[in-house]
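Construct all of the structure, not just a fragment, from the sequences and the given hints.
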Amino acid sequence: MARRVKIGLQAAAVLVVGLLVALLAWQVIRTDKGRALASKVASGQKPQAPVFNLDRLDGNGKVSLTSLRGKVVVLNFWASWCLPCKDEAPELEAAWKRWRDEGVLVVGIDIDDLNTDARRFVERYELSYLTLHDKDKWTWGRYGLRGLPETWFVDRRGRLVGEHVEGPVTAEELDQSIRVALRAA
Amino acid sequence: MTKYGLLTALVLLLVTAGTAAASEQHPTLAELEKEVICPTCHTTLELSTSPIADRLRSYIRARIAAGDTKSEIKSKLVDQFGESVLAAPPKRGFNLLAWLLPFGGLAIAGAALAVLARRWSRAREEPASADPSGNGRGPLDPELERRVDEELARFDA
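Those protein sequence lines, which keep their order, are chains H and P.
Using this note's numbering, read the first sequence as starting at 21 and increasing by one per residue.
Using this note's numbering, read the second sequence as starting at 47 and increasing by one per residue.
Don't read these hints as lab results, they were simulated from the structure.
Please read these numbers as outputs of a predicted model, since none were measured by experiment.
One or more of the hints may lead you astray.
Cβ-to-Cβ under 10 Å is the rule here; a few derived chain P residues that face chain H [unchecked claim]:
(1) PRO85
(2) THR89
(3) PRO97
(4) VAL124
(5) LEU146
(6) LEU147
(7) ALA158
Glycine included, every Cβ here is placed at the ideal spot set by N, Cα and C.
Next up, the structure:
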């Protein structure tokens, strides 16, 4: 009887440790997968952009990346408290106005932010492009983000192309990668 | 003694419940700084000086001034940052596991200790009854015992 209890306890301990190790491995693999996207894009591959379904910042429902298929999407991750995000916001707005007739969308994904602050930011910089709020940081690990801001480019088939930009994106970088995304077959 | 003990426990319970109710109705920034996590640095707000931590402190201050209860403030923060903004997971659903597991672990450890302690005490008792020689090498050989008795008798004489 005592032997059975002992074996049972040992098995339970091994199971708990195994589960914890599996959880850690899953987290590491998921983050690595996101980080690997940047090197894939840099080496000329076109990996599929991780899909998401996020709330609109203005509260009018949700938007999924899949629903934007057929458009070139500039994905910009930002927060209102992030100083470089303030520098790049006018550039993103200008790029949106410059390219929207070509079937290009700019989508701002607000992370780690208070809704009120984010909405005030949108008003202050007069941003007219689509802004979403990622409250659970769902996209953070999947896109392997290292900080804010970051910008990715998605072609019409939902693949990541062009130059992935860490830090504030410039008008030249935007134009160059949008052209690449529009040309991608 | 039992009566006094019961009374003390009752008083303690009432005081604790009263404090908890006051904290729920009129929370302070200091309390909430211990219960809310900074989303970018993953420490409690009280340990963080990041820009978003400063914004969260301002937000909490504003909500306290507006008369929100502690639960309301936490709920509004969860709406914007998800449950990971709370230092302790809510006591429901899957998160309940985080509250129950430590107690389960303690119960298992307690049971294991009890089993081990019982076994150890049994192991210490058993040699005394099974080994009358007391030297830990089992009973004496009857022939040897007879010779020892003879030698002792000769020595006494």
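Here is how each hint holds up against the structure:
Satisfaction of the interface hint for P:PRO85 is found here, the shortest Cβ-Cβ separation to chain H being roughly 4 Å, below the 10 Å cut-off. Interface restraint check for P:THR89: the shortest CB-CB distance to chain H comes to about 14 Å, outside 10 Å, so the restraint is violated. Nearest Cβ of chain H to the Cβ of P:PRO97: about 4 Å, under the 10 Å cut. The hint holds. A least Cβ separation of about 9 Å between P:VAL124 and chain H falls short of the 10 Å threshold, and the interface hint therefore holds.
At its closest, the beta carbon of P:LEU146 sits 13 Å from a beta carbon of chain H; the interface hint therefore is violated under the 10 Å criterion. Contact between P:LEU147 and chain H, as hinted, is supported at the beta carbon level, the nearest pair being about 9 Å apart and thus within 10 Å. A least Cβ separation of about 6 Å between P:ALA158 and chain H falls short of the 10 Å threshold, and the interface hint therefore holds.
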